[in-house]
Amino acid sequence: MTGSEIDWPVALRATDSGEQAAAVSALREVLHHGLRIALNGRSDVSAAHLEDFAQESLLRVLDRLDQFQGRSQFTTWAQAIALNVAFTELRRKRWRDVSLDALLADGERFAEPAMIADDALGADEDRTRFVAVLRSAIENDLTPKQRAVMLGELRDLPFDQIVELLGTSRSAAYKMLHDARRALKQRLHEAGITGADIQNAFSL
Amino acid sequence: MKPEDQRLTREQVGSIVKMLSLTTDREFNCAECLQHVSEFAERQLAHQPVSKVIASVEQHLALCPECREEYEALMKILKAGQ
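Chains A and B supply the protein sequences, listed in that same order. 34 is the number of the first residue of the first sequence in our numbering; add one for each residue after it. -4 is the number of the first residue of the second sequence in our numbering; add one for each residue after it.
Chain A on its own, in the form it takes in the complex:
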């Protein structure tokens, strides 16, 4: 039987322990194969990592079996979870490898309030107005954590590092960023500044 012929949710819940074990083993192989393709060529991924990711992914998929709604192939859904497991761990490892001093220094910069120089983008009237409104909005309309997550994004910090620096969850940090974006958008809207105005002013 090929992977596409297996009714995965049924097989993985089979009461026959032999059938279930075979399905679990087959799924592990599918996940391992996919991870090998996706992570091929990365110098930070060894064969042992692939084994670990496949095993961890398998457990995560089995744990979330009830969440599969059948709107895609089961294996595609499971691969998405496996990739989330693998990439989350790889990002975590990357930040673990950064020295504590560097991380703390990053954290100090990260926590500083937004200060945007009025002349940073030239003397053009529209640009100056945009920067003034934006600076005011960042400094006055955002909470400290919203400001931190927004500045982290602008400084191209990986989102998982922002999450770590804030000591929160990824979903909570994403909500902070979403709320920050909405607040800035609202303030610009109230000031009569549209996205088109900004794009024209900066020739974006």
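Hints are supplied without guarantee of correctness; some may be wrong.
[Unchecked claim] Pairs of lysine to any residue residues, derived as SDA-like cross-links and limited to a Cα-Cα distance of at most 25 angstroms, are as follows:
1. A:K178 to B:D20
2. B:K71 to B:S51
3. A:K126 to A:N173
4. B:K13 to A:Q194
5. A:K208 to B:A75
6. B:K13 to A:N173
7. A:K178 to B:T4
8. B:K71 to A:R188
9. A:K208 to A:N173
10. A:K208 to A:F192
11. B:K74 to A:E84
12. B:K13 to B:K74
13. B:K13 to A:A229
14. B:K74 to A:G51
15. B:K13 to A:A224
16. B:K47 to A:Q102
17. B:K74 to B:P60
18. B:K47 to B:E67
19. B:K13 to A:E84
20. A:K178 to B:Q54
21. B:K71 to A:R69
22. A:K208 to A:R188
23. B:K71 to B:P44
24. A:K126 to A:A205
25. B:K13 to A:S204
[As the list claims (entries may be wrong)] To be clear about the criterion: a stretch of chain B counts as covered by chain A if any three or more of its residues have a C-beta under 8 angstroms from a C-beta of chain A, and this derived list gives those stretches:
26. 27 to 33
27. 48 to 62
28. 68 to 75
What the hints contain is simulated information worked out from the structure, not anything from laboratory work. Backbone N, C-alpha and C define an ideal beta-carbon position, used for all residues, glycine too.
Once you've looked at the hints, dock chain B against the given chain A.
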């Protein structure tokens, strides 16, 4: 903080404009994106239209580099299996 750290670069302005232009009142977070990304990926691969709900995946991917990285890896796997 040094003065040069206080400045918005042209790239950062571009990032803000992009972020704000894509911002809507209701957005998928990363967990919701993960729940629906497999359907989105399969539909993209088959050039099939996406529902309004699934379109929220596309919007999230435009704003979240981490989820986009995982989506691109998923597409790599799906394409290899074609």
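Hints, verified against the model:
The hinted pair formed by K178 (chain A) and D20 (chain B) meets the criterion: a straight-line CA distance of about 19 angstroms does not exceed 25 angstroms. Under the criterion of a C-alpha separation no larger than 25 angstroms, the hint pairing K71 (chain B) with S51 (chain B) is consistent with the structure, at around 21 angstroms. At roughly 36 angstroms between alpha-carbon atoms, K126 (chain A) and N173 (chain A) are farther apart than 25 angstroms, so this suggested pair is violated. Pair hint K13 (chain B) plus Q194 (chain A) holds up; C-alpha atoms about 22 angstroms apart against a cutoff of 25 angstroms.
Our distance criterion of 25 angstroms between C-alpha atoms is broken by K208 (chain A) and A75 (chain B), whose separation comes to about 35 angstroms. The straight-line distance between the Cα atoms of K13 (chain B) and N173 (chain A) is roughly 22 angstroms, inside the 25 angstroms bound, and the hint therefore holds. A distance of roughly 22 angstroms separates the Cα atoms of K178 (chain A) and T4 (chain B); the hinted pair therefore holds under the 25 angstroms criterion. For the hint linking K71 (chain B) to R188 (chain A), the alpha-carbon distance of about 29 angstroms lies beyond 25 angstroms, and the restraint is violated.
Distance check on the hinted pair: K208 (chain A) and N173 (chain A) sit about 19 angstroms apart at the alpha-carbon level, within 25 angstroms; holds. Taking the CA atoms of K208 (chain A) and F192 (chain A), the gap is about 12 angstroms. The hint holds against a cut of 25 angstroms. Our distance criterion of 25 angstroms between C-alpha atoms is met by K74 (chain B) and E84 (chain A), whose separation comes to about 22 angstroms. A distance of roughly 29 angstroms separates the Cα atoms of K13 (chain B) and K74 (chain B); the hinted pair therefore is violated under the 25 angstroms criterion.
Using a Cα cut-off of 25 angstroms, the hinted pair K13 (chain B) and A229 (chain A) holds, with the two alpha carbons roughly 11 angstroms apart. The straight-line distance between the Cα atoms of K74 (chain B) and G51 (chain A) is roughly 32 angstroms, outside the 25 angstroms bound, and the hint therefore fails. At most 25 angstroms may separate the alpha-carbon atoms for a hinted pair to count; K13 (chain B) and A224 (chain A) meet this at roughly 18 angstroms. Our distance criterion of 25 angstroms between C-alpha atoms is met by K47 (chain B) and Q102 (chain A), whose separation comes to about 17 angstroms.
Between K74 (chain B) and P60 (chain B) the CA atoms are separated by roughly 21 angstroms; this keeps the pair inside 25 angstroms, and the hint holds. Distance restraint check for K47 (chain B) and E67 (chain B): the Cα-Cα separation of roughly 21 angstroms lies within the 25 angstroms cut-off, and the hinted pair is therefore satisfied. Taking the CA atoms of K13 (chain B) and E84 (chain A), the gap is about 39 angstroms. The hint is violated against a cut of 25 angstroms. For the suggested pair K178 (chain A) and Q54 (chain B), the alpha carbons sit about 23 angstroms apart, so the restraint of at most 25 angstroms is met.
Proposed proximity of K71 (chain B) and R69 (chain A) is supported: the alpha carbons are some 11 angstroms apart, at most 25 angstroms. Between K208 (chain A) and R188 (chain A) the CA atoms are separated by roughly 19 angstroms; this keeps the pair inside 25 angstroms, and the hint holds. About 20 angstroms separates the Cα atoms of K71 (chain B) and P44 (chain B), which keeps this hinted pair within 25 angstroms; it holds. At most 25 angstroms may separate the alpha-carbon atoms for a hinted pair to count; K126 (chain A) and A205 (chain A) meet this at roughly 21 angstroms.
Taking the CA atoms of K13 (chain B) and S204 (chain A), the gap is about 21 angstroms. The hint holds against a cut of 25 angstroms. Coverage of a stretch by a chain is defined here by at least three residues with a beta carbon nearer than 8 angstroms to that chain's beta carbons; for the stretch 27 to 33 of chain B and chain A the count is 5, and the condition holds. Beta-carbon proximity to chain A at under 8 angstroms applies to 3 residues in the stretch 48 to 62 of chain B; the threshold of 3 is reached and the given coverage holds. Counting residues of the stretch 68 to 75 of chain B whose CB lies closer than 8 angstroms to any CB of chain A gives 6, so the stated coverage by that chain holds, three being the minimum.
Checked against the numbered hints given earlier, this structure breaks hints 3, 5, 8, 12, 14, 19; the rest are met.
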